[in-house]
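Using the hints, position chain B against chain A.
2 protein chains.
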Amino acid sequence: MTISSPRAEILTIGDEILFGQIIDTNTQWIGTQLTDIGIRPVRKTSVGDNKTDILDAFKAASLRADVVIVTGGLGPTRDDITKHTFCEYFGTELEINQEALTLITGFFAKRGRVMTELNTQQAALPKNCTYIPNLWGTAPGMWFEKDNVIYVSLPGVPFEMKSLMEFEILPRLKKIFSTQIIQHKSVRTIGIGESFLAEKIAPWEDALPENIKLAYLPHFGHVKLRLTGTGTDQALLDEQLQAQVETLLPYISEHVYGFDNDEMETVIGSLLKNNNATVATAESCTGGFVASQITSVPGSSGYFEGSVVSYSNEVKMNVLGVSKETLETFGAVSEQTAREMAEGARKLLNTTYAISTTGIAGPDGGTAEKPVGTVWIACATPDETFTQLLTLRNIRKINVEMTSSYALNLLRKTILKSNLEVKN
Amino acid sequence: MTISSPRAEILTIGDEILFGQIIDTNTQWIGTQLTDIGIRPVRKTSVGDNKTDILDAFKAASLRADVVIVTGGLGPTRDDITKHTFCEYFGTELEINQEALTLITGFFAKRGRVMTELNTQQAALPKNCTYIPNLWGTAPGMWFEKDNVIYVSLPGVPFEMKSLMEFEILPRLKKIFSTQIIQHKSVRTIGIGESFLAEKIAPWEDALPENIKLAYLPHFGHVKLRLTGTGTDQALLDEQLQAQVETLLPYISEHVYGFDNDEMETVIGSLLKNNNATVATAESCTGGFVASQITSVPGSSGYFEGSVVSYSNEVKMNVLGVSKETLETFGAVSEQTAREMAEGARKLLNTTYAISTTGIAGPDGGTAEKPVGTVWIACATPDETFTQLLTLRNIRKINVEMTSSYALNLLRKTILKSNLEVKN
Chain A
1 MTISSPRAEI
11 LTIGDEILFG
21 QIIDTNTQWI
31 GTQLTDIGIR
41 PVRKTSVGDN
51 KTDILDAFKA
61 ASLRADVVIV
71 TGGLGPTRDD
81 ITKHTFCEYF
91 GTELEINQEA
101 LTLITGFFAK
111 RGRVMTELNT
121 QQAALPKNCT
131 YIPNLWGTAP
141 GMWFEKDNVI
151 YVSLPGVPFE
161 MKSLMEFEIL
171 PRLKKIFSTQ
181 IIQHKSVRTI
191 GIGESFLAEK
201 IAPWEDALPE
211 NIKLAYLPHF
221 GHVKLRLTGT
231 GTDQALLDEQ
241 LQAQVETLLP
251 YISEHVYGFD
261 NDEMETVIGS
271 LLKNNNATVA
281 TAESCTGGFV
291 ASQITSVPGS
301 SGYFEGSVVS
311 YSNEVKMNVL
321 GVSKETLETF
331 GAVSEQTARE
341 MAEGARKLLN
351 TTYAISTTGI
361 AGPDGGTAEK
371 PVGTVWIACA
381 TPDETFTQLL
391 TLRNIRKINV
401 EMTSSYALNL
411 LRKTILKSNL
421 EVKN
Chain B
1 MTISSPRAEI
11 LTIGDEILFG
21 QIIDTNTQWI
31 GTQLTDIGIR
41 PVRKTSVGDN
51 KTDILDAFKA
61 ASLRADVVIV
71 TGGLGPTRDD
81 ITKHTFCEYF
91 GTELEINQEA
101 LTLITGFFAK
111 RGRVMTELNT
121 QQAALPKNCT
131 YIPNLWGTAP
141 GMWFEKDNVI
151 YVSLPGVPFE
161 MKSLMEFEIL
171 PRLKKIFSTQ
181 IIQHKSVRTI
191 GIGESFLAEK
201 IAPWEDALPE
211 NIKLAYLPHF
221 GHVKLRLTGT
231 GTDQALLDEQ
241 LQAQVETLLP
251 YISEHVYGFD
261 NDEMETVIGS
271 LLKNNNATVA
281 TAESCTGGFV
291 ASQITSVPGS
301 SGYFEGSVVS
311 YSNEVKMNVL
321 GVSKETLETF
331 GAVSEQTARE
341 MAEGARKLLN
351 TTYAISTTGI
361 AGPDGGTAEK
371 PVGTVWIACA
381 TPDETFTQLL
391 TLRNIRKINV
401 EMTSSYALNL
411 LRKTILKSNL
421 EVKN
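Chains as they are written, first to last, in the UniProt record's numbering: chain A, 1 to 424; chain B, 1 to 424.
Same shape as in the complex, but just chain A (with noise of 0.2 angstroms):
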């Protein structure tokens, strides 16, 4: 198949996406990754439970695009419609695939649990489709080829629906559609926001060449600079995005933490087992997030020893070890607080750092002095304590993913300033 501009459209089924009974984010991922491959997205449609509304929706979309994605309405239950239609657009009809029913026979085995005859369904497909085996749900993939389009079916579970999209469907798209080279090079940024950026960066950017484009992507304080490139030479294009990226760190070197899909935790992770460190938290606002992103990182048992969560004042004395006038002095939120609940973290479960959090979340608990947002975070190390003020003006759920976020990158400056002053 030779396609010099493959255009796509996303189908969604089900319901409950109409009815706002759940918030898809499924079709804005998709979006992204067909885009990365050089695959531009035309349409994004969603339609119900309904076959005449699927049918219309998959004669309409072959008239307009070279692949069309479905997700959903494959689950063992009766309200999942997606198979029969396909069956009656194509005119075929479900048998059992012999490999389907022996990966979910295998996957109810594994989990010591009865299969029914629902599951067994599930292994029924159209005779026309190609199979694809999904390792990590019930419902397999599958892909259909007519008329020079080509349709895939997948799980609107969002973990089966991504893994098989990465693993299965887009390599086998970029296979069909390789014509030009995308090559993407992010630099990942915290504590500046997306127009201070651009404006330092200006002269950088407006001296791109044609076939690099820029995109900021912003994310609760943090901004990923993603620099996309097309070409044909793979290694011209590396060598391209490396030389652009070189160039761009002088002007926000302070505010870059990592490159491409480093997240702050990995960061944090690799920079503590260069240097034989270790880490505890001690979180009131927080309530556990901080450990939480610590410990999402597979190994870092390596690493972290523990937490303690501090909710009420009782905790903050009696397991940390902050002391009563402390806080009556100067109120759980403060700098003081944040400090004595590092240092105590940091003796109490025996690390080399420790990183505390102590502020108002919201909606409620703000006062005229401290607003809701008011956030102070410490780290501490053998030999001193750093502290920060955050000012953040979101809802409770953000504030604590940005308080997070601040928290690790003041552990990551902290490690890399006593680097610093060892070399030194």
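Hints listed in this document are in silico derivations from the structure and should not be mistaken for laboratory results.
There could be a bad hint or two in this list.
[Stated by the list, open to error] Below are the PhoX-like pairs computed for lysine-lysine, each with C-alpha atoms no more than 20 angstroms apart in a straight line:
id	chain 1	residue 1	chain 2	residue 2
1	A	110	B	370
2	A	162	B	397
3	A	51	B	213
[Stated by the list, open to error] To give an idea of the chain B side of the interface with chain A (calculated C-beta under 10 angstroms), a few residues:
id	residue
4	45
5	53
6	56
7	275
8	394
These figures come from a predicted structure and were not determined experimentally.
Idealized CB from N, CA, C, for every residue including glycine.
Positioned in the frame of chain A, the structure of chain B alone reads:
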């Protein structure tokens, strides 16, 4: 206009949605709002900033919907493609709307900002539209009627769109289409798979009346059963749905933890508050995730004291008081360790209840005897400690989320059991 069952299409305009640069939350919200007033969303469509595609989408929508809600493509910096396309679609042209111009001029004056020619052009509207004043931004809303179809055009900025819908559009639509009512009622279950649920409730599901539909919405160990009822009499419909829920409950009562928008962590919160009880967590494999779930609820400081995340054996022993013998004899992932962690946390943090988690989240650390996904959880009360073995088979992140849900559910069942015992 009298239409018995009005149908709506929601149309978004903008490359940024197609390419996945932003997550579209507008259409989810619009879906819930339309459903609530008895207008049934039958399709959602997203097209790019491209006149041909927009015209095509208008035409197609007008054939299947009574109301077409269009968002996006109205900002001052882009080429106002939506308005021009509406003009072409309706065979009319733009003219400055004086009322809109006055409002926009006032908007800038009030903020002491200079108004540009681009902003003036925002007051230019298709001649055939009913002007809908936007008090929250500079892009006016527009209302069109043609061949018995209503077209509503709104800016894509979520806050402006929502305000315009709430104060202007929904009241108008309600007045025009006061016919059918659509009502939802959800039952939330945990710890039973979709297909097992389906088998258990099959007799009930088969006996559902024509006007009530059932959907299974699974999410990591949880399944939400959503009933959607259609009718003309609100009280009767409420009664019907309630009666169906009551008939359903005996089939699955042990798995039900809430209804409608109840989340496990809010259910726990209410139970604790109502019982004047407090809780703490002792977490190993969940790394603080359970605490962060509990504290995601505003006001959780009223019943949550804190947590010890004991990732290392040292912290398990030195802070939580797990005995060295237990760890050496049974290992960190064992019923005995889970029990001592919960009991230690309850004592240290001085709470009514404490829940603990210890297991192998993966991807590494599994053995033949204790493979990845082997998790023990416990819940300590003043009188006794309950334990439970989980056998999960997922990736790290999901193993953590599922463990957290099951641990909170164990707490829920324990509180309910204590209540029962007190009453007996």
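Fill in: Earlier hints that do not hold, by number
As far as the earlier hints go, only 7 is violated by this structure.
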